[in-house]
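**Student:** Fit chains B and C to the supplied structure of chain A, relying on the hints for placement.
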Amino acid sequence: MLKSIPIAGRLRFGNDPVQTFLYMAGGALLLFFAFIAVRNTLTGAYGIDDFLQGIVLGLAQGSIYALIALGYTLVYGVLMMINFAHSEVFMGGAYIGFFAINAFHESGFLAENTLVALLITMAIGMLASVILAVLLERIAYRPLRNAPRLVPLITAIGASITLQQIFLRLFGGGTRSYPVVSLCIGGTLQGTTCEGGIDIMQGRYQVEVFGGEIVIRPLYFVIFFIALILMAALWFFVQRTKVGKAMRAVAEDKNTAALMGVNVDRVIVLTFVLGALMAGAAAVLFALYNRQVSPFMGFTPGVKAFTAAVLGGIGNVPGAMAGGVLLGVIESAAPQMLGLPSQLEDVVAFGVLVLILIFRPTGIFGEVLAKKKA
Amino acid sequence: MVRNTTRNFLVVMAVLALLIVPAMAQDEGTVVVEAGDPVVIGVAAVISGEGLAPLGEDIVRGVELALDERGTVTVGDVEFEVTIDVQDDLCSAEGGQAVANYYVSNPQIVGIVGPTCSSACRGAGPILDSAGYIMISASCTNPALAADFVSFNRTAPNDDAQGVEDAIFIYDYLGITKLATIHDGSPYGEGLVTNVAAAFEELGGEVVAQDAVTVGDTDFRSTLNTIAAAGPELIFFGGFPAEAARLAEQRADAGLSEVPFMGADGLYSPELINLGGAAVEGVYMSTPAPAVSDALSEFVAAYEEKYGFAPTAAFHSYSHDAVLMYLDAIEAVGEIDADGNLVIDRAALAEYIANYGAEEPVVGLSGLLSCNGDGECAQGGIGFFQVQDGEIVRLETMSMELE
Amino acid sequence: MVFGRSTLRLSLYAALITVLLALSNLFVAFESRTVLTVVKDAAGEVVFAGLSFSQLSLYIALVAAGFVAARQIATRGVLSALVNGVIAGLIVGAGLALLIVFTEAVDVRFVFRNFQPLSRSALYLGQADAGAAITALLILSAVLGGVGGLMTQLSARVGRVVLGGISALAIFGVLQSQIDKVMTLSDAVTLALAFGGAYFAVRVSNTHNVRTRLLIGVGVGFGIALIMAGLAAFTGMERGTILRGAGSLEPTLLNLPLQGAFHVGVFALILMLVGAAGAVARDAGRLLHDGAWYLIAITLMLGVLSSQRGFSPITAGVVVAIMCAVLWILPPIAGTPNAQGVGTTSSATSRRTLYLLGLVILLALPGFIGLSLSNTLNLMMIYIIMGVGMNVMIGYAGLLDLGYVASFAIGAYTTGLLTTPSMITCGGITPDEIKNGGLIVSEVCTGLLTFWEAWPIAILVSAFVGMGLGVPVLRLRGDYLAIVTLGFGEIINRLVNSSTFKPLLGGPQGINNIPVPTLNLSFINPAWNSQLASSNEIYYLFLFTVAVGVLVVLRLANTRLGRAWRALRDDEDVAEATGIHLVGAKLLAFGISSAFSGMGGALFGASLQGIYPNSFTLNVSIFVLCLVIVGGMGSIPAVFVGAFVLIGFPEVARELQDYRLLAFGVLLVVAMLSKPEGILPPRPPKLSEHARPKTAPAAGD
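Residue numbers (the working numbering), protein chains in the order written: chain A, 1 to 374; chain B, 375 to 777; chain C, 778 to 1478.
This is chain A alone, in the form it adopts within the complex (with noise of 0.2 Å):
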């Protein structure tokens, strides 16, 4: 895992017919929704404007999504385990960066060094994620490292379950709102407007494209680059660095690995650092994007973030990118397009995923792993 990315696909006709039944399914299938898209396209019903603003909203969330992936990733190359509780690790980066930013808006700390509050606080955000998921592991998947690969599965459905009732316990129930942040670059903020540059967080602008108008926010594009940065850091910490090495060994076999010296438990608890150093910093984007965090907010990014890891091919970091950002694009776009409601985009979406899965039984870009551990 970890590795390259494979071209990993054989198609094969013929020598197997559920294979071949499949293909052609499937292949039916992919050219139906092509034929309602064209068609609702040429009937005007749907215009390149509703398609692009659907890719600028997808970006966004599809990014976040990417990012929740890494951690499922990552913990997955190495354990080869569903870490379920990591939509929990995420939320609570969110909800501890609540209290930061919040007491920064207090104090107003927050208006004068807008950019220098949001570092903290997603800082913030990304230790309260470290915190939590070293605890995780400690407590609840250490103990079960040679177990049946169910049981630790088990623990982590356990300890997300805890994890949301200790915030909801806490905290309480209710949702609660980031401050509207302005952070006006290259202008003065003169009230909520900026006045002469661009207002990253909360600029709105109406741009004309193909006859039509899409909104487009700058914070959207922030949020894409952020996300790239983070993971090309992260694939360079796992490619070019010595630990990054030990990971890599570790995930390819545990015993091996400590024989040459690894520090086995080290690394895996870094892994965890890792992941969740990527969920704390997607859950303090999400929240400044969203703005509400509650103790439940963890569980649907969670699914599409690990659906999407499995759409890239889960162990693989170029994928998880890959698979966050087409989930989000599938997901904003794909029910307009097909000219269903959008209350049936995570049928859409996972649709989808079956039809890739079809094709790709390893995702996308497939998976690096022995087969001896799937």
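Hints were generated in silico from the structure; no laboratory data involved.
Cβ atoms here follow ideal geometry from the backbone N, Cα and C, with glycine treated the same way.
Any given hint could turn out to be false.
[What the hints assert, rightly or not] Label pairs and their in silico Cβ distance ranges:
id : chain 1 : residue 1 : chain 2 : residue 2 : range
1  : C       : Glu1230   : B       : Ala572    : 33 to 41 Å
2  : B       : Ala675    : C       : Ile837    : 36 to 44 Å
3  : B       : Thr457    : C       : Arg782    : 58 to 66 Å
4  : C       : Asp1347   : B       : Ala572    : 56 to 64 Å
**Tutor:** Okay, now just chains B and C, sitting in the frame of chain A:
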């Protein structure tokens, strides 16, 4: 041989032994509260679960505050303390079924405030009906409930009543002809927008888009983007503050910032403003009148004093009224027996509640209470409100005659 | 005297947890929830101030802190244990004291929304002002911490007894309002006398013939029955429920005029069966033997509880004493496995007798436990049915399915659609059209079925849809399968909730007024013409379904298909190489497990008399998976244990109110950490004569 005869003997014995299966201790149809014991009222509310706990907690707090106000019932000249037994209805039919069974297994429970959600009310209905218990829900607004279950009463208005008034308000008062509706996938939200849409079309308006969001999703921009394509003049939302605040805020990202946003009694709560801030400025909502009174302001102040934050939903006044209905009913139909125990006849209690305020409406915190014998107790008209400068302000419209 | 290296660390953890619990309002919220009732003497003076659940949790937390801290140095003597325990208690107490001081000064309610002023909490120990409270709290902490420390010095046997006693106190205290009417004291004593009398009579007689033993048992039972009936008739002793026979099935069965004699006869029969069971308990294997004794103990405890109003200290003492006695006595009676003792012999007749008694108890249960607990049992049984099916998927075939709720929903919706006016039963006319168009249901909806007709159809539909969903995922392995099936579950959930399919499926409003199953047995007994509406009636339908389901799955396990599944689970490639038809085996696993889930779904809808989309969420799939694995993957009894622990406990633990799910989550983690292979793991498969026992499998992955 030995084995067979032994076995046969044992099986015959077992079958005969089964005849002893005793039935439930039959409920006598009365509650007997021994002298010195408290009167217990069940409170079924959703106190766990995604996005819903604030609603249920609000209901429980409403009851707690009502009991802070008036914590005893006096029958004859004997005073009895009143306590509550709070149970989680999970906002689901099976949760409602479970709490109903729980309550009917305890003969000390006089009646139930709740459940919170219409599906839970449905789950509880058959059980309470057959046990002769009653419920007064603060929030089950599905219209058919009152007809389907004898045990069912509510202090909240049903969706039919509110939907029609909302449509008239949108069409006549705001002069909107193109409406888009969104609901949150809950029976409440869906039922409400279905009624609003139907009434709106009957008035001659056009419903240009109908969609729904999923509670738990945070990013509703794609939904709004789909809606924006239809060019609505107003978005009507059936749901609760958290989702409403998000929708109202994310409108701007779909180019709908100029399109007004409206909801119903589910939004009537300071929580909406806490969460939405500037984004919910101008949001309309409807709720039973007279929902603005000095008593209510005092009540909300007491709420903030006791819990340290503003009400988290709009149900506290309904549950407050519901529990006071029970207290009135107990005082009216309760009797003291020779041993000084309080005896409450369930049938008489149900009868009293069913006709509560029938002759002269009682002014409650949530509006006028006057039960029609069929479980509908909220008889006040609908009032309309708008968020202006961070305050929920009443609009001078119709339905004013009730004040 | 040794100061433990990690005492400080462990105590700080304990302090942190306790402070968090305090911040979550635990010590206020349960102040009004009594575990032990207040006792007043004749003059009305309070003799015993009562014990609230908040207080109990505080005491348990302090004792536990002392225990945990002292355990690591338990071998270093009593003094060390005491000192470390006291220190740990003091640290926790100090943490709480700091919290009191802090919250007096600062309003923390913005952050900790559930927090309420501690002056109303158990932490104040009845003191009026903070200073006195803190002093009292610190003293109490030191004492209880020390007690906890000393508990590490108890022998294993004594330790278990003490722990059992405390658990009994806590469990009975918390559950009292639900279980205080289950069993009358005279019933309990009678049953215990019959069982115990027979048990010891057989020991004294020292006979080895099973038939003789059974006869002795039956005789003892009959004797006790006569004595008790006589006592009831001539001394005015309170009659238990069993003797009174206050049942819905009162003598109508035979319409005997001799009501009194009839009751006594039936009463005698039940006691004869119990006596027989007692007489052979020693030969029935350790598990059944101990199980029967625990059951008798619980019966007695329930009897004691029902005889008193509230859970007074006296009742509590008796309950704890019974529990402790059983825990103390059972191991020596049983003896070590190698010595001559229980479990060394196990005769089929003995086991069957106890199973038979178990069956009678199961059948009689709903009449005793009341609606609420029956409802809990029903819920458990729905999950057992699903768990049995899930076991086929995951335990037998090794396929991880997270979308189990899909077939559950399909079963429920199929039943709902076929038994109520819907587009299917009314020839394409929607319920709204019927309502608005003033159509008459009986004229339009000609396709209406009863539950009994719809049920098999629902099962078949679920099975076929399950197989259909299995097709696209045939090639997927392990966790890819998990996420796709999860997707299926979510897709079904969204579809049933969507407005698009509202005319057919009802959208968020679901399907209402599903008729309850009716069971007309009036040809046997005029009283048995019943709608299975209430939870203690529909219980029998659930019980029947579970029994059939379990039988089917047990049979399946040893068929060719069952072996194919196991081969598939162990290694797909090898299985394929040995000629197993992978596609067929996998699809059948999908189909059969879905059929079970659909069967449960149909029952679920019928028992609720309505279905709503919010019942069909991912949580259902997750709960089923959890109960299968917590119970012990691959074994059927484990499903029962899992359902009892994960579904039964949280339902019964309603008294924990909003802490219910928290307790559930913690329970899940703790159960898996302490028993990674499940509470009741499957026995190793029966080996054929060719196979040799394997050596212990290598550890590691």
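**Student:** Each hint should be assessed against the structure and marked as holding or not.
**Tutor:** How the hints compare with the structure:
{"no.": "1", "hint": "C:Glu1230 with B:Ala572: 33 to 41 Å", "result": "holds (35 Å)"}
{"no.": "2", "hint": "B:Ala675 with C:Ile837: 36 to 44 Å", "result": "holds (39 Å)"}
{"no.": "3", "hint": "B:Thr457 with C:Arg782: 58 to 66 Å", "result": "violated (48 Å)"}
{"no.": "4", "hint": "C:Asp1347 with B:Ala572: 56 to 64 Å", "result": "holds (59 Å)"}
In this structure, only the earlier hint numbered 3 is contradicted, and the remaining ones agree with it.
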